[in-house]
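Position chain B relative to chain A; hints supplied.
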Amino acid sequence: MKSTLILFSGFMLAVLSSELVLKGTKLQTALLKVLGIHLFWLIAISICLNRFLQFSFVVVFLFWMGAFLSWFGVRSHLESSILLRMLFFVRKEPMTEQDLVLKYENHHSEASRLEELFRANLLERSSNGFQITSKGRWIATAASFLHQQSR
Amino acid sequence: MTILDFVGIITFALLSAGFYLIGPRMLIFNFFCLLVFGGFILSIVMLWPIPDAQFSEVFALVVGFFLYWFGLQAVRTMLERSVSLNILRSYAAGTPIQTIKGNIEGRLKDGQRHRLLQKDGLTYHLSGFGSLIASMVTILYRVLRINE
Chain A
1 MKSTLILFSG FMLAVLSSEL VLKGTKLQTA LLKVLGIHLF WLIAISICLN RFLQFSFVVV
61 FLFWMGAFLS WFGVRSHLES SILLRMLFFV RKEPMTEQDL VLKYENHHSE ASRLEELFRA
121 NLLERSSNGF QITSKGRWIA TAASFLHQQS R
Chain B
1001 MTILDFVGII TFALLSAGFY LIGPRMLIFN FFCLLVFGGF ILSIVMLWPI PDAQFSEVFA
1061 LVVGFFLYWF GLQAVRTMLE RSVSLNILRS YAAGTPIQTI KGNIEGRLKD GQRHRLLQKD
1121 GLTYHLSGFG SLIASMVTIL YRVLRINE
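Taken in order, these protein sequences are the chains called A and B. This note's numbering puts the first residue of the first sequence at 1, with every later residue one more than the last. This note's numbering puts the first residue of the second sequence at 1001, with every later residue one more than the last.
Isolated chain B (complex conformation):
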């Protein structure tokens, strides 16, 4: 195992620990990840040249850690908001819930808060940003053959 491998494992462990310990406090989590990411880059710069390590390995790790950071955020969102996970957890707890109506109302409010949707009286329509996202989603539904 090279020094690069060792630094990579420590960075991965720190990002994972941050996800576990910091929880849904996304601002703190992102700040922490930025520090860890920066620490990784700084370590490589200070230790370079690293025996038996290639620059392409460093590049792969940089991309991999960035994707890991992004993926952890996606997983955190799922833990907090996934309807299916909430249904499963309720069955596991012995108090099954099934309704999703409240979730839809909440999501519409989220859509407005994130400037994806605009409300005109009783009607919702897409903002410019919402149109862009909706177009991307449509393309991805078709590419991935997700039932529309």
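So here's chain A without its partners, still in its complex pose:
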């Protein structure tokens, strides 16, 4: 089980490194850096495990895919979920719908959403406000493809 412990610890190191890079910002603002960090740790851990403990590269890769997707999903929800943010607000004191909408829009206005997408290089400024970048278009296309396939 030493090898499993090394594998899990390696993944946690990748997560910690990613959080140091993100510094509390959204995943989308540094997604390529985070992917690079995970790729680095995946390669390092799989080489170590294979060389010293004869652990399969394929197994490390498959484990990492699952663990990364879970971490990505949980982190994305935490940073962006409107419902979780509502629970966080109401935890301090009961609120009406109007108060919740006002409080949410003060913290996460429509303009700030667009700014986040701009900082992540998914939108760029144009004469009319914002337009989508090629990176943003790629993500939108992939998401639309997966979304429409389900209909």
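It is possible that part of the hints are untrue.
To be verified - Restraint-style ranges between C-beta atoms, simulated for each label pair:
#1 A:V74 x B:P1024: 36 to 42 Å
#2 A:A44 x B:E1105: 43 to 49 Å
#3 A:L32 x B:I1028: 30 to 36 Å
#4 A:E110 x B:K1109: 18 to 24 Å
What the hints assert, rightly or not - Derived pair list, reagent style DSBU-like, types lysine-lysine, alpha-carbon separation capped at 30 Å:
#5 A:K135 x B:K1109
#6 B:K1109 x A:K26
#7 A:K92 x A:K23
#8 A:K92 x B:K1109
As the list claims (entries may be wrong) - Some chain B residues well away from chain A (every beta-carbon gap over 10 Å; in silico):
#9 L1027
#10 N1030
#11 F1031
#12 L1042
#13 S1043
#14 L1047
#15 V1137
Hints are computed from structural coordinates only; laboratory data are not their basis. All C-beta atoms in this analysis are idealised placements derived from N, C-alpha and C, irrespective of residue type, glycine included.
Relative to the frame of chain A, chain B by itself:
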């Protein structure tokens, strides 16, 4: 490549294909994943001992596939509900939408449906379950330094 690697790749491919083909029908997707997961375990039990394979590799795969199943559900939720993705898709389609007000109202209804929130007249407050989730969220916001 060992037989375990081969079984692992097939299992991963089946879970991915299920995500792509089944779409947002979560009950069917979960049932399908349970079948695939069960099939993986059964294959290992029937093929064991597998030459050049270690038990710790099987354990890592079991944990990895479980996390993959969970992660696919999280990604499906994002595809269906993410405000940022919807904004991006609307810009890509040439019809930008920006409003999120309707999303907030919808989320409050979701909160009630999932027994996280209770409504007393015009006021929302947390249920017992909602308090537990809200406390966990607060801790995670602080640990991850997410702007409160």
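Legend entry - 18 to 24 Å as the expected CB spacing between K1109 of chain B and E110 of chain A, which holds or is violated: Between E110 of chain A and K1109 of chain B, where Cβ atoms are some 21 Å apart, the hint holds.
Legend entry - Non-interface label on L1047 of chain B, tested against every C-beta of chain A at 10 Å: holds (15 Å)
Inset, instruction - Could you grab the alpha-carbon distance between K135 of chain A and K1109 of chain B and see if it respects the 30 Å cut-off? - result: violated (34 Å)
Inset, instruction - Mind checking the alpha carbons of K92 of chain A and K1109 of chain B for me, to see if they're no more than 30 Å apart? - result: Judged against 30 Å, a Cα distance of about 20 Å means the pair holds.
Legend entry - K1109 of chain B paired with K26 of chain A [C-alpha distance capped at 30 Å]: holds (26 Å)
Legend entry - No chain A beta carbon within 10 Å of N1030 of chain B's: For N1030 of chain B, whose nearest Cβ neighbour in chain A is about 15 Å away, the distance exceeds 10 Å, so it holds.
Inset, instruction - Check the following: the C-beta atoms of V74 of chain A and P1024 of chain B are separated by a distance inside 36 to 42 Å. - result: At 19 Å between Cβs, range violated.
Legend entry - chain A versus L1027 of chain B - minimum CB to CB distance exceeding 10 Å, so not interface: holds (14 Å)
Inset, instruction - Look at the Cβ atoms of A44 of chain A and E1105 of chain B and judge whether their distance stays inside 43 to 49 Å. - result: At roughly 47 Å between Cβ atoms, E1105 of chain B and A44 of chain A fall inside 43 to 49 Å, so the hint holds.
Legend entry - V1137 of chain B remote from chain A - nearest C-beta pair above 10 Å: violated (5 Å)
Legend entry - L32 of chain A paired with I1028 of chain B, Cβ distance criterion 30 to 36 Å: holds (34 Å)
Legend entry - Given as non-interface: L1042 of chain B, partner chain A, CB spacing beyond 10 Å: holds (18 Å)
The structure does not agree with the numbered hints 1, 5, 15 stated previously, though it agrees with the rest.
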